[in-house]
Amino acid sequence: MVMKVYGPVRAACPQRVLACLLEKGVEFEVVHVDLDSGEHKRPDFLLRHFIFLQEPFGQVPVIEDGDFRLFESRAIIRYIAVKYEEQGPNLLGKSLEEKAVVDQWLEVEAHNFNELVFTMVMQLVILPRMCEQGDLALVDACERKLEKVFDVYEQRLSKSRYLAGDSFTLADLSHLPATRYLVNEAGMRHLVVERKSVNAWWEDISNRAAWKKVMELAS
Amino acid sequence: MATPVKVYGPPMSTAVSRVLACLLEKDVNFQLIPVDMSKGEHKKPDYLKIQPFGQVPSFQDESISLFESRAICRYVLEKYANQGNKRLYSTNPLEKASIEQWVEAEGQSFNPPSSALVFQLAFAPRMKLKQDMGVIKQSEEKLNKVLDVYEQRLGESRFLAGDEFTLADLSHLPNTQYLVSVTDKGEMFTKRKNVGRWWSEISGRDSWKKVVDLQKPQPPKSA
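Taken in sequence, the protein lines are chains A and B. This note's numbering puts the first residue of the first sequence at 1, with every later residue one more than the last. This note's numbering puts the first residue of the second sequence at 1001, with every later residue one more than the last.
Hints are computed from structural coordinates only; laboratory data are not their basis. Source: prediction; values computed, not measured. Don't be surprised by glycine CBs; every beta carbon is placed ideally from N, CA and C. Certain hints may be false.
[Stated by the list, open to error] Partial chain A-side listing against chain B, Cβ under 7 Å, derived:
#1 11
#2 64
#3 68
#4 70
#5 152
When you get a sec, could you build the whole thing from the sequences and use the hints?
Pasting the structure below:
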């Protein structure tokens, strides 16, 4: 049975999961959910796709792997990377120590990076699309914090080709969706291109075949 | 006897206490190394070498130097899988994934609003910083929605990921402890029947009581 991924392909969190599935060469089916319509929170939708009763926060993505259901994109990518450890590139690291370093940088993305980028994208892109005023002071504050985060990344990536070491792992993959929004729609490309090692890393990871396929699916 | 692992940071930090809870559950000997944040020690070059974001905790043992409390916890659980509480994590991939799902829920949905409330209500007064009423109100609203989800979940299941206390529940201890014991927001937890029951159970564990003790101002060591 093919793994089902519930969510709109344009949203960042489902893209994180799709990138992982494509990297590992795992077959999947996308069940599109229209977040804007609030369809995924309506009772009749919930009855038709009762999987959402399993996603208590009413967020996407959710995966359905046979009878097993899982939410939270970073838990899902860990699950996929472990289940399909023997196929495709090793996204986890090999030794206990390598795996811990991958996990560390995945946590950095989740806690030091994601919220800043999400806030900026919300204020610069999403609210204006809904004809609402974004908070530019908030954007400014986030940008300054993000500059410091990227300075740390620059230091790290000047010593190491990828965040956790010599190979592309979940830690790098997890950055793809939000960084893409940041450098494109949010107009913050300078944060990346002004830093030599960060720029080289971004060029590398955003040109991976799997990520390009995600972009095709989202177009 | 194994060399104690090193944990850098003050025990009153929520992230540091998350790691301590895990080490105590696993009977892993540790040495707590103070980092005086009021003096900016965490932003000095020596500390930045081990934690480049200038945050606590960081962790060292004979094999590795690591940061991010949840990554440290997972490493400890894997490395010391055969000692202490063996049910905090799982070797069964589906069980493990379910635990991870709720650890992520803690990190992504529970932590932001609860952490903001802890800062505004517990730490800002101590640091003589002005409280932001807007942030407090917004965070309380978000946290209430999250706790509604938890109330439903904990009506179906004794702990978040199933019948056993796991990393998923442990991860919630630090922020909740502050909210329940030093702020007026404890009711958010205790007024909800299932969340209240769960909180009582997880905070009553010996390991957590030891962490709470460590968080109390320590008497000066005698010469």
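For each hint, the structure was consulted:
{"no.": "1", "hint": "11", "in the structure": "violated, 14 Å"}
{"no.": "2", "hint": "64", "in the structure": "violated, 13 Å"}
{"no.": "3", "hint": "68", "in the structure": "holds, 6 Å"}
{"no.": "4", "hint": "70", "in the structure": "holds, 6 Å"}
{"no.": "5", "hint": "152", "in the structure": "holds, 5 Å"}
When held up to the earlier numbered hints, the structure conflicts with 1, 2 and fits the remainder.
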